[in-house]
Amino acid sequence: MSVRTIRRSGAGTSSASLRHRLAERGIDTSLLMLVPALIFALALFIYPFSYGIGLTFQPSAATQQAWGGGIFANYIAFFKDSFVFDSVWLTMRLALPVAVFNVLASIPVAFKLRHRFRGKKLLTTLVVLPITLGTVLTAQGLLIFAGRQGWLNRFLIQIHLIDQPIQFVNNYWGVVFSLVISGFPFAFLLISSYLSGIDPSIEAAAKVMGANWHQRFRRVILPLLAPGLATTSILTFVLAFSVFPSARLVGDAMGATRVMSLMAFWAFGEQNDYPMASTIAVMMGLIELVVIALVLLWRSSMYKGSSGGKG
Amino acid sequence: MATSTVSDDATTTPGRPPTDVPPPPPATKRSAARARGERSLAAAPTTWLVWAAMAAFFIFLIGILVSVVVDSFGKPWFDSWLPDHFSTSWYSDAWDQFGMAHIIAVTLIVAAAVIVVAVLVGVPAAYLLARRKFPLKRTITLLFLLPVLMPPITYGIPLATVMYNFGLGRTLTAVILVNLVPSIPFVIMTMTPFIEQINPTIEDAARMSGASMAKVFTKILMPLLIPGILAASILVLVRTVGMFELTFLVSGPSSDTLVVAIYRAMTAAGGGEARQLISSMAVVYTLTMMVILVIALRFISPTQLVARVKETRED
Chain E
1 MSVRTIRRSG AGTSSASLRH RLAERGIDTS LLMLVPALIF ALALFIYPFS YGIGLTFQPS
61 AATQQAWGGG IFANYIAFFK DSFVFDSVWL TMRLALPVAV FNVLASIPVA FKLRHRFRGK
121 KLLTTLVVLP ITLGTVLTAQ GLLIFAGRQG WLNRFLIQIH LIDQPIQFVN NYWGVVFSLV
181 ISGFPFAFLL ISSYLSGIDP SIEAAAKVMG ANWHQRFRRV ILPLLAPGLA TTSILTFVLA
241 FSVFPSARLV GDAMGATRVM SLMAFWAFGE QNDYPMASTI AVMMGLIELV VIALVLLWRS
301 SMYKGSSGGK G
Chain F
1001 MATSTVSDDA TTTPGRPPTD VPPPPPATKR SAARARGERS LAAAPTTWLV WAAMAAFFIF
1061 LIGILVSVVV DSFGKPWFDS WLPDHFSTSW YSDAWDQFGM AHIIAVTLIV AAAVIVVAVL
1121 VGVPAAYLLA RRKFPLKRTI TLLFLLPVLM PPITYGIPLA TVMYNFGLGR TLTAVILVNL
1181 VPSIPFVIMT MTPFIEQINP TIEDAARMSG ASMAKVFTKI LMPLLIPGIL AASILVLVRT
1241 VGMFELTFLV SGPSSDTLVV AIYRAMTAAG GGEARQLISS MAVVYTLTMM VILVIALRFI
1301 SPTQLVARVK ETRED
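So the protein lines, in turn, are chains E and F.
Heads up: the first sequence at position 118 corresponds to 118 in the working numbering, and the numbers run straight through without jumps.
Heads up: the second sequence at position 179 corresponds to 1179 in the working numbering, and the numbers run straight through without jumps.
Hints in this document: simulated from the structure, not taken from any laboratory.
From the three backbone atoms N, C-alpha and C, an ideal C-beta is built for every residue, glycine too.
Some clues are possibly wrong.
What the hints assert, rightly or not - Computed list of lysine to aspartate or glutamate pairs in EDC-like fashion (alpha-carbon distance at most 20 Å, straight line):
#1 K1137(F) / E24(E)
#2 K1133(F) / E24(E)
#3 K1137(F) / D28(E)
#4 K112(E) / D199(E)
#5 K1215(F) / D199(E)
#6 K1133(F) / D28(E)
#7 K1215(F) / D1204(F)
What the hints assert, rightly or not - Which bits of chain E does chain F cover? Going by a derived footprint, with three or more residues having C-beta under 8 Å, they are:
#8 50-59
#9 133-139
Unchecked claim - Calculated Cβ distances over 10 Å to all of chain E for the following chain F residues:
#10 D1096
#11 A1206
#12 L1224
#13 P1253
Next comes chain F alone, as it looks inside the complex (with noise of 0.2 Å):
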């Protein structure tokens, strides 16, 4: 609409130099009104459509989740809104019949033994990717992005077959090992861009005074680290308590983490196990889960991840 005012003016008028001149305010009263620093009440349509879409996606996630739990603990429920009465025995029923303490501490030993490798390995290297140029230095980030790109099944499938040749199959190294694939390379590529946008004069200074690698690393990096070492470390932790397909793979009865029971609780012969006994297995690790989240959301900020981000300010 505008724009159109504006090129009717350079053409109508080639005497003038349409650069120089500022376009005349466009005279309709809709964005007389907008100059004013208004916005109108009537959404554009498009508005509506993107609301309605956010409307259908929230229904069908609430739905999901409310239903898990409400299966949970519904007694019997069949052909009905809601179930006949409610208990907790689906919960017990279900930590007695699959061990849940002993799943829940794989689960945990697996992520715990998962971050603390995963930063130990990732930070120097992702310390060193931000600050230095070195020969290769394309080839080795790209080495490092790859398990990223890659499906987990594409080289989950040979990885595993490997660790069944060395006779770990089924064994909890074996799972942290697989996990540790994806994860080394996640915290090379969320640390970098923080290590960046360090100060480097800082690491100068005290180089300069006299601190050794080891000091510099010890006592300036690791505190101005912190906050990003810890967000890398949730992330990794959702992503480790979340891995399905490569752990699955390697792992077996004594060694599989949450996710994968309940997979193989659901496929298990004939027609798997009862299907409240999965949902109360389901929102345990749901809640799990959720409190890691909301511990997350508090370090960082979800749109984080791929830059820092700088708040849009209001037009």
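Only chain E is shown next, with the shape it has when bound in the complex (with noise of 0.2 Å):
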């Protein structure tokens, strides 16, 4: 009765009341903290990103004469252009499997390293080492160290398994071991924060209970785990995909690894070709999110709840 008064009679007339009612529903001056955030990210992703969505619809005259159809032009070459088009089979081949990779032996390492032992800190920086060494250094380390004069093919020559040095580098290889070492580390440092985010309690009632090991990680962890896995495939993926330095440098960038960001930076930075370079940047996005969709869709067919940390 008493909070209906208040509403009616301050209606329109007074400007606290209608300040309170806002407060109410948590909009006051204090979201003025938001607004520059918002301004960059309005301005700075929001902004470019529609951009260049509108600029794919305004295909160069050359893109128009080679493939037709108007203002698709653009999508028609990137579908209809083999040489565009076989790039997105070729980061696929790329990404999917060391994204795998580097979630699959990330969970064991993650569980071994879990425990509290001598010299933790100290191999767990060593894990995390590379991320900072970024692609450039492991390119330039790669080249030399598995080069066909370095030291990788030197000793396998010297303990006689081989006879010819092997090529490791500049070739599809060469940015497999460069996406591992680089993705290997992110991904561990994810799935060892998940897994300390699991209440070690669960797993200890499950022990009380007598699961063995098999069936504590099956039942236990696994569906506790599974939001992070995803989450953790989903930005591995991410980071694969968009393999570009390292794609130019120890890879074969006319060949095996002419990834799509490689051909998105040829068409922007050498043909200037801006509307073909957003609409292979775009269309990078798109299958992204289709691959981002999946993973989602197998997660939600797992345990939702609770894992008794913050995880």
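Make one complex out of these two single chains by using the hints.
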């Protein structure tokens, strides 16, 4: 009753009451603190992105002439030009196995490094180290270490495992190595922090009830870890999918590792065909969204709920 | 092993409700030894596999690192285990030839500018996201998440096109602006959980005692937030110094950061510069990053990035 009276009396006349009602819904002047971040997000992310999408419908005269199709010429070129479209397959062939490997490999490592033991901090630091190396240094190191004259080949020849130096770099495998070196620590970091978010007493309870190692993992840990696994897979995939410098430096830029980002940059920097570059970039985003959606679909079929900790 | 005993037990004696009865202790010798709190000395095969894989990873890692360092000091190094003799001449050559002083200065200026702006813009937003409910909160959170989730090159190319259209191409401003795009969301993402775990009653008490919002921020929250801000800044620093794609798309000769300069040297027309010159630049880059990493690890635990970590207790 009293509430209604207050509302009616202050319907339009008193601004204080309006402010009060807005504040009840969570709107007041302190929301202004959000404004700078919003401006940056709109001006530097939303606007360029929409502009880029608009640009894809303004194909250059050359593209239009070659592929026809009016404003859709860029998309037609993307799908019909095998030189461009093959890069989708080349990228997937690189990114999917690497992402799966990185996630699967970091689960046991995260488990082993979960317990407290001497030298844990040192080991964790070592695992995380490659994140700071960056792709460019990793590429340079791989070229020297795994090159034809490098220590790796030299060692393998010395122990008579091989006769001729194996080509580790400047091909598909060079990029795979570089992606594992930079992506594995990242996956490990994420998974071990999700793992530590799982309340250990849940597993202890399963142990008390007599579940063996395999059952504890399959029935207790894995369902609780599933959201973290989904996120990690997505992020590692994104990392591997957008591979760019290493594809050029340790890969075979005109052959097995002619990935989409290389094509996009090639159109941008060397042909100055901004519409086509934007088209490739937008298609990259779309393909990624499809993969992310698939991962989330898988994740939604798993257990949803609290993991006991703040994972 | 143990569970099968339990289920056998439950099925053979249906009169007993299985939940009330503690499972009979497994009678094998191994688990009896475990129960006393000892660990078996022989590790499981999976453990060996994990350690072997880790060892292979580290051999690659250390091989990569050491070979770059050796290469950067080696005078002629072609067909042998080690170079003939060592010298630092590659460093002085690289320093002069590439204008390393300028490149490092650019890198530091960009990193500093990005950190300051990202913290100033990101922390207030993170505070609101952590503490308040307001309309469209989910949409806004998603908006802040997107640039971190998307690969840089997908939004980098349209962004770079816009930068060139505004005549900002190849300038320092453009490099700073593009690096802000992933950095601000990153600060928001790391600071939001950090603010959530600060007890809100402290602020309430200050506000009840008559402190204004600005005062609450400067006198109450700031001191509490300093560790979080420090951690976020160091992470942004690492990201910005290491960011290749976005910087590469908009930078020019006078605004190249260290990574981009190394890449350009490696891919320069005519097979690139001498390998050792690039190696010495890469070593300088790695040393910079490692100093940052060592400082960073003094303040934050690496697993703290996603969730606040509760140390798992020994079982």
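Status of the hints after comparison with the structure:
The straight-line distance between the Cα atoms of K1137(F) and E24(E) is roughly 15 Å, inside the 20 Å bound, and the hint therefore holds. Of the supplied pair hints, the one linking K1133(F) and E24(E) holds, its CA atoms being roughly 10 Å apart against a limit of 20 Å. Distance check on the hinted pair: K1137(F) and D28(E) sit about 14 Å apart at the alpha-carbon level, within 20 Å; holds. Between K112(E) and D199(E) the alpha-carbon distance is near 17 Å, which keeps this suggested pair within the 20 Å criterion.
With a C-alpha separation of about 38 Å, the suggested pairing of K1215(F) with D199(E) is violated against the 20 Å cut-off. Distance check on the hinted pair: K1133(F) and D28(E) sit about 11 Å apart at the alpha-carbon level, within 20 Å; holds. A C-alpha spacing of about 12 Å is found between K1215(F) and D1204(F), which places the hinted pair at or below 20 Å, so the restraint holds. Counting residues of the segment 50-59 of chain E whose beta carbon lies closer than 8 Å to any beta carbon of chain F gives 4, which meets the minimum of three for the stated coverage.
Figure legend: the segment 133-139 of chain E, annotated as covered by chain F; annotation consistent (7 residues with Cβ-Cβ distances under 8 Å, at least 3 required). Remark: the non-interface label on D1096(F) is consistent with the geometry, its nearest Cβ contact in chain E lying 20 Å away (cut-off 10 Å). Every CB of chain E lies more than 10 Å from the CB of A1206(F), the least distance being 14 Å, so the non-interface label holds. Residue-level check passed: L1224(F) sits 17 Å from the nearest beta carbon of chain E, beyond 10 Å.
The Cβ of P1253(F) lies farther than 10 Å from every Cβ of chain E, with a closest approach of about 14 Å, so its non-interface assignment holds.
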